[in-house]
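Fit chain B to the supplied structure of chain A, relying on the hints for placement.
So the chains spell out like this:
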Amino acid sequence: KQEVTQIPAALSVPEGENLVLNCSFTDSAIYNLQWFRQDPGKGLTSLLLIQSSQREQTSGRLNASLDKSSGRSTLYIAASQPGDSATYLCAVTPSARQLTFGSGTQLTVLP
Amino acid sequence: SAVISQKPSRDICQRGTSLTIQCQVDSQVTMMFWYRQQPGQSLTLIATANQGSEATYESGFVIDKFPISRPNLTFSTLTVSNMSPEDSSIYLCSGGEVTYGYTFGSGTRLTVV
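Protein sequences appear in the order of chains A and B.
For reference, each letter of the first sequence is one residue, going 1 to 111 in this note's numbering.
For reference, each letter of the second sequence is one residue, going 1 to 113 in this note's numbering.
In isolation and in its complexed conformation, chain A is listed as follows:
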């Protein structure tokens, strides 16, 4: 059974710092990996999608990498801002096609 782990569970940084969120998964047989953002009490916003054949994807200040063979992904956020404060969720799509989620990293960026 696929398991997804996110470290750290919570992170607090001052504004302007670059930061890295980590995600690991146990079964490398995945179609792709998505990073989502969730604001309190809200739905999920897709940030980046990395196909299993890709190594990384970039969108603005966000960069996500994927090492499928080792079961790891990282989300890099450059020059963090208070508006980046949210919970970040990593999810993989295994052969069963539905997403398997990690437990999330709660990020707080202090002004």
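Hints may contain errors.
[Unchecked claim] Here are a few chain B residues that sit away from chain A, every Cβ distance over 10 Å (derived from the structure): (1) Ser-1; (2) Gly-16; (3) Asp-26; (4) Phe-33; (5) Thr-48; (6) Ser-69; (7) Ser-81; (8) Asn-82; (9) Thr-99; (10) Val-113.
[Claimed, not checked] Label-pair restraints from in silico Cβ distances: (11) A:Ser-59 x B:Thr-99: 17 to 23 Å; (12) B:Arg-15 x A:Arg-61: 20 to 26 Å; (13) A:Asn-18 x B:Cys-13: 41 to 47 Å.
[Said to hold, decoys possible] Listed next, the stretches of chain B that the computed footprint assigns to chain A, with coverage defined by at least 3 CB atoms under 8 Å from CB atoms of chain A: (14) 70-80; (15) 101-107.
Hint data in this document are derived by calculation from the structure and do not stem from the laboratory.
Since the model is a prediction, treat every value here as computed from it, not as a measurement.
Even glycine gets a Cβ: it sits at the ideal position worked out from N, Cα and C.
Just chain B, lined up with the frame of chain A:
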């Protein structure tokens, strides 16, 4: 990516009643799912909504409690039946294609009193 409209956004319901949540997608999608997110927790998959046939439920979720409809490739409903306070959660629908990733509705915050 598909845009999903979910309603209601929130509701407060009496125990023993039922609530139906609707999700409308702005384009046809192959896959639609329903998730539950309890306070402070990650998402738990309830079921895969299959177009024109019965939904596929995950362990711990049953059709009598969470009946799901998916009459076409753009619409699905989830009903939470005979509600108890333990059903208080955020319910989310998701849809898309495995190749292009999935998007989510804005969620329904349900409180059962």
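Verification of the supplied hints:
no.: 1; hint: Ser-1; in the structure: violated (7 Å)
no.: 2; hint: Gly-16; in the structure: holds (25 Å)
no.: 3; hint: Asp-26; in the structure: holds (15 Å)
no.: 4; hint: Phe-33; in the structure: violated (6 Å)
no.: 5; hint: Thr-48; in the structure: violated (6 Å)
no.: 6; hint: Ser-69; in the structure: holds (18 Å)
no.: 7; hint: Ser-81; in the structure: holds (23 Å)
no.: 8; hint: Asn-82; in the structure: holds (25 Å)
no.: 9; hint: Thr-99; in the structure: violated (7 Å)
no.: 10; hint: Val-113; in the structure: holds (18 Å)
no.: 11; hint: A:Ser-59 x B:Thr-99: 17 to 23 Å; in the structure: holds (18 Å)
no.: 12; hint: B:Arg-15 x A:Arg-61: 20 to 26 Å; in the structure: violated (46 Å)
no.: 13; hint: A:Asn-18 x B:Cys-13: 41 to 47 Å; in the structure: holds (45 Å)
no.: 14; hint: 70-80; in the structure: violated (count 0)
no.: 15; hint: 101-107; in the structure: holds (count 7)
When each numbered hint is compared with the structure, violations occur for hints 1, 4, 5, 9, 12, 14.
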